[in-house]
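Number of protein chains: 2
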Amino acid sequence: MVQGKNRAIVMHSQTKIDDAAVMPGGFKASGVHCGVKPSAPDLALISSDSPCESAGTFTTNRAAAACVHFCRSRLEAESARAIVVNSGNANACTGASGMRDTETMAQLAADALGVRAAEVFVSSTGPIGVPLPMDLIQAGVRDAAQSLSPGGGLDAATAILTTDTRPKHATAEVFVDDVAIRVTGIAKGSGMIHPNMATMLCYLLTDAAVDKANLQALLEKSVQQSFNRISVDGDQSTNDTVLLLGNGSAGNATLHAGHPAWDRFAGAVDAITKDLALRIVRDGEGATKLVSVQVSGAATPGDADRVARSVANSLLVKTSWAGNDPNWGRVLCATGYAGVPVQLEKIDISYDAVPAVIGGESAGTPAATLRDVVEQDEFTVAIQLHIGPGEAVVYACDTTENYVRINAEE
Amino acid sequence: MVQGKNRAIVMHSQTKIDDAAVMPGGFKASGVHCGVKPSAPDLALISSDSPCESAGTFTTNRAAAACVHFCRSRLEAESARAIVVNSGNANACTGASGMRDTETMAQLAADALGVRAAEVFVSSTGPIGVPLPMDLIQAGVRDAAQSLSPGGGLDAATAILTTDTRPKHATAEVFVDDVAIRVTGIAKGSGMIHPNMATMLCYLLTDAAVDKANLQALLEKSVQQSFNRISVDGDQSTNDTVLLLGNGSAGNATLHAGHPAWDRFAGAVDAITKDLALRIVRDGEGATKLVSVQVSGAATPGDADRVARSVANSLLVKTSWAGNDPNWGRVLCATGYAGVPVQLEKIDISYDAVPAVIGGESAGTPAATLRDVVEQDEFTVAIQLHIGPGEAVVYACDTTENYVRINAEE
Numbered sequence: 001m002v003q004g005k006n007r008a009i010v011m012h013s014q015t016k017i018d019d020a021a022v023m024p025g026g027f028k029a030s031g032v033h034c035g036v037k038p039s040a041p042d043l044a045l046i047s048s049d050s051p052c053e054s055a056g057t058f059t060t061n062r063a064a065a066a067c068v069h070f071c072r073s074r075l076e077a078e079s080a081r082a083i084v085v086n087s088g089n090a091n092a093c094t095g096a097s098g099m100r101d102t103e104t105m106a107q108l109a110a111d112a113l114g115v116r117a118a119e120v121f122v123s124s125t126g127p128i129g130v131p132l133p134m135d136l137i138q139a140g141v142r143d144a145a146q147s148l149s150p151g152g153g154l155d156a157a158t159a160i161l162t163t164d165t166r167p168k169h170a171t172a173e174v175f176v177d178d179v180a181i182r183v184t185g186i187a188k189g190s191g192m193i194h195p196n197m198a199t200m201l202c203y204l205l206t207d208a209a210v211d212k213a214n215l216q217a218l219l220e221k222s223v224q225q226s227f228n229r230i231s232v233d234g235d236q237s238t239n240d241t242v243l244l245l246g247n248g249s250a251g252n253a254t255l256h257a258g259h260p261a262w263d264r265f266a267g268a269v270d271a272i273t274k275d276l277a278l279r280i281v282r283d284g285e286g287a288t289k290l291v292s293v294q295v296s297g298a299a300t301p302g303d304a305d306r307v308a309r310s311v312a313n314s315l316l317v318k319t320s321w322a323g324n325d326p327n328w329g330r331v332l333c334a335t336g337y338a339g340v341p342v343q344l345e346k347i348d349i350s351y352d353a354v355p356a357v358i359g360g361e362s363a364g365t366p367a368a369t370l371r372d373v374v375e376q377d378e379f380t381v382a383i384q385l386h387i388g389p390g391e392a393v394v395y396a397c398d399t400t401e402n403y404v405r406i407n408a409e410e
Numbered sequence: 001m002v003q004g005k006n007r008a009i010v011m012h013s014q015t016k017i018d019d020a021a022v023m024p025g026g027f028k029a030s031g032v033h034c035g036v037k038p039s040a041p042d043l044a045l046i047s048s049d050s051p052c053e054s055a056g057t058f059t060t061n062r063a064a065a066a067c068v069h070f071c072r073s074r075l076e077a078e079s080a081r082a083i084v085v086n087s088g089n090a091n092a093c094t095g096a097s098g099m100r101d102t103e104t105m106a107q108l109a110a111d112a113l114g115v116r117a118a119e120v121f122v123s124s125t126g127p128i129g130v131p132l133p134m135d136l137i138q139a140g141v142r143d144a145a146q147s148l149s150p151g152g153g154l155d156a157a158t159a160i161l162t163t164d165t166r167p168k169h170a171t172a173e174v175f176v177d178d179v180a181i182r183v184t185g186i187a188k189g190s191g192m193i194h195p196n197m198a199t200m201l202c203y204l205l206t207d208a209a210v211d212k213a214n215l216q217a218l219l220e221k222s223v224q225q226s227f228n229r230i231s232v233d234g235d236q237s238t239n240d241t242v243l244l245l246g247n248g249s250a251g252n253a254t255l256h257a258g259h260p261a262w263d264r265f266a267g268a269v270d271a272i273t274k275d276l277a278l279r280i281v282r283d284g285e286g287a288t289k290l291v292s293v294q295v296s297g298a299a300t301p302g303d304a305d306r307v308a309r310s311v312a313n314s315l316l317v318k319t320s321w322a323g324n325d326p327n328w329g330r331v332l333c334a335t336g337y338a339g340v341p342v343q344l345e346k347i348d349i350s351y352d353a354v355p356a357v358i359g360g361e362s363a364g365t366p367a368a369t370l371r372d373v374v375e376q377d378e379f380t381v382a383i384q385l386h387i388g389p390g391e392a393v394v395y396a397c398d399t400t401e402n403y404v405r406i407n408a409e410e
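These protein sequence lines map, in sequence, to chains A and B. Heads up: the first sequence begins at 1 in this note's numbering, then just goes up one per residue. Heads up: the second sequence begins at 1 in this note's numbering, then just goes up one per residue.
None of these hints come from the bench; they were simulated from the model. Mixed in with the good hints there might be a few duds.
Identical copies go unnamed one by one, so any copy, or any two together, can satisfy a pair.
Computed cross-link-like contacts, SDA-like style, restricted to lysine to any residue with a CA-CA straight-line distance of at most 25 Å [said to hold, decoys possible]:
| # | residue 1 | residue 2 |
| --- | --- | --- |
| 1 | K346 | T163 |
| 2 | K16 | E78 |
| 3 | K37 | A367 |
| 4 | K37 | N324 |
| 5 | K37 | E173 |
| 6 | K16 | G267 |
| 7 | K346 | E103 |
| 8 | K212 | G302 |
| 9 | K274 | D111 |
| 10 | K346 | V130 |
| 11 | K37 | G364 |
| 12 | K212 | R166 |
| 13 | K221 | T365 |
| 14 | K16 | P355 |
| 15 | K274 | Q294 |
| 16 | K37 | Q384 |
| 17 | K37 | E361 |
| 18 | K346 | A117 |
| 19 | K346 | T165 |
| 20 | K274 | G114 |
| 21 | K37 | G151 |
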C-alpha cells in the first residue's frame with residue numbers, strides 16, 4: 001500500500017471532502033463478526049429509516065456472482081431500504097443453491113429490519129466456489145441489525161474488507177436550495193479486481209431527494225470517471241458492485257438533471273467516487289506507488305483510453321515502477337502495442353514535468369533526474385501522441401514482489 | 001525457468017527432432033563477445049555459402065525498432081546470404097541515427113562476407129533508447145566472420161541471449177524425394193516480450209530448396225501455431241523477429257505447396273517452431289511451470305483464442321500457479337471477462353484429467369487432488385464451454401516473485 005499524502009481533507013472544486021464515514025441523515029450502519037472469516041469483522045449492514053431511490057452499476061464479467069444478478073433485479077423495485085454485505089465468501093460459481101442463499105440473506109435482513117426482501121440489496125466478497133455458511137450469516141444479520149447506529153459507518157466499512165489494509169470512506173457536503181446535503185461513500189477493493197480474496201464494492205449514500213432515472217445516469221457517469229479509470233492488476237471480479245441510495249431525508253425539493261444545483265450534487269458524487277477510487281489504487285495489493293497515466297493527442301478519446309490502459313496494465317511497466325526505474329522504453333513499447341494508430345517519431349513522454357522522450361527518442365534527461373520522479377509515492381506519466389484531440393487518464397499502481405506473494409498464497 | 005522433462009530428443013509425428021544446433025548443409029554460424037554486454041557473448045553471425053530464399057514475420061508493435069523495418073524491406077530482395085545479430089542493445093527508439101546504425105551493421109557484415117548489404121538481415125535485442133556502440137559492433141562483426149564454422153550453431157544461439165538462462169536450438173531431419181533435408185532453429189526470448197532486456201528472436205535455416213512465396217506462407221502459418229501461442233507476460237517487444245532462410249544446398253527439386261513431400265517439410269518447420277516456442281515459455285523469466293491452457297466448445301476458434309489468452313495472461317491465475325494453488329475460481333473469472341459469449345452454468349474445467357468445475361460449479365474434487373496436478377512442472381488446464389466447435393490452446397508459464405525481481409531491477 002502507498003502511504004498516501006493529502007489523505008485527510010481535500011477540496012474538489014467547491015466540494016468539501018472529509019475522510020470520514022459520517023452517515024447522511026436517516027441512514028444507519030453497522031459491522032460485526034459472524035464467523036465467515038476466522039476473526040475479523042465480516043458482515044455489514046446499512047439501513048435507511050425511509051425508502052430510498054437507488055442506482056447501481058455492476059461487473060460485466062459473464063461469470064457474475066448470484067448477488068450481482070440479484071442486485072440488478074432489485075434495481076427495478078420501487079424502493080430500497082437496506083444493503084447487507086458479507087466478506088470472506090464470494091458466493092460466486094455456487095449455482096442455484098448460491099442464488100437461494102443470496103435470497104435468504106436478503107430475507108433475513110428484511111425480517112430483522114421490518115422491511116420487504118425486495119427492498120434489500122446483497123453483496124458477497126471473498127473466495128469463489130464455496131457455499132455460504134448460512135447459519136453464521138443468519139446470526140450475523142441479527143447481530144448487525146441490533147448494532148445499527150448513525151455512527152456505524154466505519155464499522156460497516158471495516159466489515160466489507162478482504163485483503164485491503166485499511167477501510168475506505170469519504171463524506172462530502174454541498175448545499176442544494178440552502179439545504180445541506182451529504183454524500184457518503186464506503187468502498188473496498190485492493191486487487192482490482194481479485195476474485196479469490198477481493199472484489200471492488202462501493203456503497204454511496206445520500207440524504208438528498210433525487211429523481212431515480214437521473215440518479216442512475218449520474219452513477220454510471222461517475223463510475224466511468226472513477227472506478228473504471230483505475231487498474232491494479234487488470235483483472236475483473238465476478239462480484240464488483242457500486243450502489244447509490246438516496247433517501248431524501250434532507251428535505252430538499254427532488255433533484256433532477258435540470259435543477260440549478262444538479263452539477264453541484266453530481267460534483268459531490270464524482271468527488272467521492274474519485275476519492276475512493278484513488279484510495280483503492282493506493283491500497284492495491286503490494287502497491288507502493290500511485291501513478292497517473294495521462295494520454296493526450298490521440299485520434300479519439302477511445303484511442304487515448306486504450307493507450308493509457310495498455311501502459312497501466314503492462315506488467316513490465318508496473319514492475320519497473322516497483323524498482324524505481326524510469327523505464328520509458330517499456331512505456332513506449334506498451335504504447336506501440338495498444339492497437340491504435342500512433343507514430344513513434346511524434347511521441348513525447350514526460351514524468352511529472354520532466355521530459356523523458358521527445359519525438360520518439362530519448363530527451364537526453366539524466367536517468368537520475370527521472371529516477372527522482374519515479375521514486376516518489378505519487379507521480380504522473382504523460383504521453384503526448386501529437387495526432388489528434390483524444391485524451392484519457394488511468395490511475396495505476398506498481399506491481400511488487402509482495403503482490404505476487406499475496407496472490408500466490410492460498 | 002522450468003527444469004523441463006522430455007528435453008533431449010522427441011518425435012513430432014514422423015519428424016525427428018534433435019536438441020542440437022546442427023547447421024543444415026551450406027550454413028555456418030558463430031558467436032563472439034564484442035563488448036556491448038560486459039562479458040557474455042553478444043554478437044552472432046549466420047551465413048550461407050549460396051544465396052537463400054527468405055521469409056520473415058515481425059512484431060506488430062507500432063514502435064518497431066530500426067532492425068525490424070530494415071528486415072521487412074530486405075524480404076523484398078532477390079536473395080539473402082546472412083543474418084547478423086547483437087544482444088545487449090535493442091537499437092530501438094533511436095531515430096534516424098539508429099536506422100543508419102542498422103544499415104551500417106548490414107554493410108559491415110556484407111563486407112566481411114563478400115556479399116551485398118541487401119543480402120544481410122540485422123537484429124538487435126537489449127535495452128531500448130541507447131545508441132549502438134558501432135566501434136564495438138565493427139570489431140565484433142569482423143571477429144564473428146573469422147569464427148564462422150558449420151559447428152558454430154551453439155555459439156550463435158548463445159550470443160543472441162539476454163535474460164534467457166540457456167540457449168535454445170533444435171534440428172529436424174526429413175526426407176524429400178529421397179534427399180535428406182535439415183531444418184535448424186535457434187531462438188531467444190524469456191520475457192515474452194520484454195523490451196528492456198529481451199525480445200523474441202528466432203532464426204530458422206534449411207538446406208531445402210523451397211519456393212519463396214510458399215516459404216513465406218509456411219512461416220506465417222507456423223509462427224501462428226507456435227510463437228503466437230505462447231505467453232510469458234502478455235507484453236510485445238519492439239524487436240520480435242522470426243526469419244527463415246533456405247539455401248537449397250540439399251539439392252532437392254524446389255519444394256512448393258503442391259509437392260507430395262510438402263506436408264512433411266512443413267511438419268518439420270512446425271515441429272521446430274513449436275519446440276522452440278515451448279522452450280521459451282519454460283525459460284520464461286522466473287517461471288517454474290509450463291501450463292497448456294486448452295479451450296474447447298467456444299462459438300468460434302477466435303472466441304476460444306480470446307478465452308485462452310484471457311486465462312493465460314491473467315496475473316491472478318499466473319500467480320496462483322506459482323503458489324501451487326488449483327484456483328479454478330480465477331480461471332472461471334478470467335473466462336468470464338474474456339469478452340466472448342460464455343454461459344457460466346455450462347462451463348467445465350479440468351486440470352489434466354481431473355475435473356475441477358462441472359456446469360459452472362465445483363466438481364467436488366478434493367483440493368489436495370487438484371493441487372497434486374498444479375504442483376507438477378507441466379500440466380494442462382482444459383476449459384470446455386459447451387457452446388460451439390471453437391478450439392484453441394495457449395502455452396503459458398506462472399508468474400513468480402522472481403519475475404518481479406528480475407523486472408524491477410534495472
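Comparing the hints with the structure gives:
no.: 1; hint: K346 with T163; result: neither (42 Å within a copy, 30 Å between copies)
no.: 2; hint: K16 with E78; result: neither (32 Å within a copy, 71 Å between copies)
no.: 3; hint: K37 with A367; result: between (47 Å within a copy, 19 Å between copies)
no.: 4; hint: K37 with N324; result: between (36 Å within a copy, 23 Å between copies)
no.: 5; hint: K37 with E173; result: neither (35 Å within a copy, 60 Å between copies)
no.: 6; hint: K16 with G267; result: within (10 Å within a copy, 68 Å between copies)
no.: 7; hint: K346 with E103; result: between (56 Å within a copy, 23 Å between copies)
no.: 8; hint: K212 with G302; result: neither (29 Å within a copy, 41 Å between copies)
no.: 9; hint: K274 with D111; result: neither (35 Å within a copy, 62 Å between copies)
no.: 10; hint: K346 with V130; result: between (52 Å within a copy, 18 Å between copies)
no.: 11; hint: K37 with G364; result: between (53 Å within a copy, 22 Å between copies)
no.: 12; hint: K212 with R166; result: neither (32 Å within a copy, 63 Å between copies)
no.: 13; hint: K221 with T365; result: neither (39 Å within a copy, 43 Å between copies)
no.: 14; hint: K16 with P355; result: neither (34 Å within a copy, 54 Å between copies)
no.: 15; hint: K274 with Q294; result: within (16 Å within a copy, 39 Å between copies)
no.: 16; hint: K37 with Q384; result: neither (47 Å within a copy, 33 Å between copies)
no.: 17; hint: K37 with E361; result: between (52 Å within a copy, 22 Å between copies)
no.: 18; hint: K346 with A117; result: neither (58 Å within a copy, 30 Å between copies)
no.: 19; hint: K346 with T165; result: neither (42 Å within a copy, 36 Å between copies)
no.: 20; hint: K274 with G114; result: neither (34 Å within a copy, 65 Å between copies)
no.: 21; hint: K37 with G151; result: within (24 Å within a copy, 63 Å between copies)
Of the numbered hints listed earlier, those contradicted by the structure are 1, 2, 5, 8, 9, 12, 13, 14, 16, 18, 19, 20.
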